[in-house]
Amino acid sequence: MNRFANKLKSLDAYPKVNDDFYSRTLAGLYLHTVTETKLLVDTSRGEKLRINFDVTFPSIRCSLLSLDATDISGEKHYDIKHDIIKRRINAHGDVIEVKQEGIGAPTIENPLQRHGGRLDKNETYCGSCFGAESSDDDCCNSCEEVREAYRKKGWGMTNEDLIDQCKREGFIQKVKDEEGEGCTIHGSLEVNKVAGNFHFAAGKSFHQSHIFIEELLAFQSESHNISHKINRLDFGDHFPGVVNPLDRVQWTHESSNGMYLYFIKVVPTIYTDIRGRTIKSNQYSVTEHFRSREEGRLEIPGLYFVYDFSAIKITYKEEHIPFLHFITNICAIVGGIFTVAGIVDSFVYHGKKVMNKKLS
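The sequence shown begins at 31 in my numbering and counts up by one.
Please note that the accuracy of each hint is not assured.
As the list claims (entries may be wrong) - In the EDC-like style, the derived pairs of lysine to aspartate or glutamate whose C-alpha atoms are separated by at most 16 Å in a straight line are:
id, residue 1, residue 2
1, K223, D267
2, K310, D267
3, K223, D101
4, K78, D264
5, K310, E220
Derived by calculation from the structure, the hints in this document are not laboratory data.
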């Protein structure tokens with residue numbers, strides 16, 4: 031009997047509104063807000079979109095992981111480093127203390143100059159680009175600058191141990207030191223509000239004859255496992271109630287190489303809270319596909335996010351229930367109570383009357 035009574039007490043025919051949608055008044059009452067939803071045609075043009083991401087690759091070392099972005103307007107960015115942070119991780123997912131750039135590199139007191147000689151005391155350093163100079167005044171003073179010059183020419187650097195700047199910075203040794211490690215990469219990316227893609231490639235990429243070519247330095251023969259965990263991915267600022275379907279998504283692949291693609295439909299969203307503050311953001315839906323690497327096909331193994339925009343935008347607006355509606359609801363509740371009480375009273379009265387007739 032007690033069990034039945036407990037179940038009866040737990041029965042609730044009226045769903046409760048989440049506490050986030052209540053505002054406490056001075057009178058001590060709760061007047062909950064309602065959210066009005068509208069669908070409109072998105073007429074915005076020429077806007078920018080900020081993509082925030084945090085992705086972990088347990089089997090790809092940081093030195094070989096690059097971020098590229100392209101869109102249908104023809105804008106391309108390769109090996110993006112601005113607003114990007116990489117953290118080396120071990121096999122257990124723990125962050126490894128990162129060495130300061132240049133630590134452990136061999137010391138070269140007289141670097142090679144662009145003209146072929148060694149740097150003298152009274153000279154200003156201007157490193158050679160090893161044939162990739164765009165003009166006679168170009169200098170490449172770091173390994174990355176040589177790589178960038180090669181990328182602009184459409185050349186690949188396969189022997190970085192022969193490049194004076196890379197040898198001085200110890201790049202090859204740095205890559206070897208990261209063997210068996212993974213990488214967590216997080217940051218943000220600002221793109222045009224047009225269809226495009228951004229991808230994390232297992233190897234530096236560059237552009238030649240309108241196709242991507244894989245450049246894996248002295249490690250071109252390596253295979254790359256693109257298992258990954260997406261800790262966070264959103265298109266714009268957070269707003270109440272937003273659900274990002276790729277947050278905390280994990281995918282593990284036993285074999286190596288291949289392309290994992292997420293096809294994302296981005297829906298522009300405007301959220302206005304009860305105080306009139308407006309947040310312009312986006313929601314998205316997603317489908318996914320894995321494509322294994324086939325012999326003879328020139329593809330970069332990696333994680334690809336291909337996004338497009340919906341022509342419809344959603345607007346959410348928080349509002350208080352109008353006071354007259356509140357009074358109407360109160361009257362309806364009171365009227366309902368009196369009606370039900372009248373029915374019960376009538377039933378009891380007539381039942382008692384019938385019982386008295388039978389008894390007499």
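So, going through the hints one by one against the coordinates:
no. : hint           : verdict
1   : K223 with D267 : 15 Å, holds
2   : K310 with D267 : 7 Å, holds
3   : K223 with D101 : 9 Å, holds
4   : K78 with D264  : 14 Å, holds
5   : K310 with E220 : 15 Å, holds
In summary, this structure violates none of the numbered hints.
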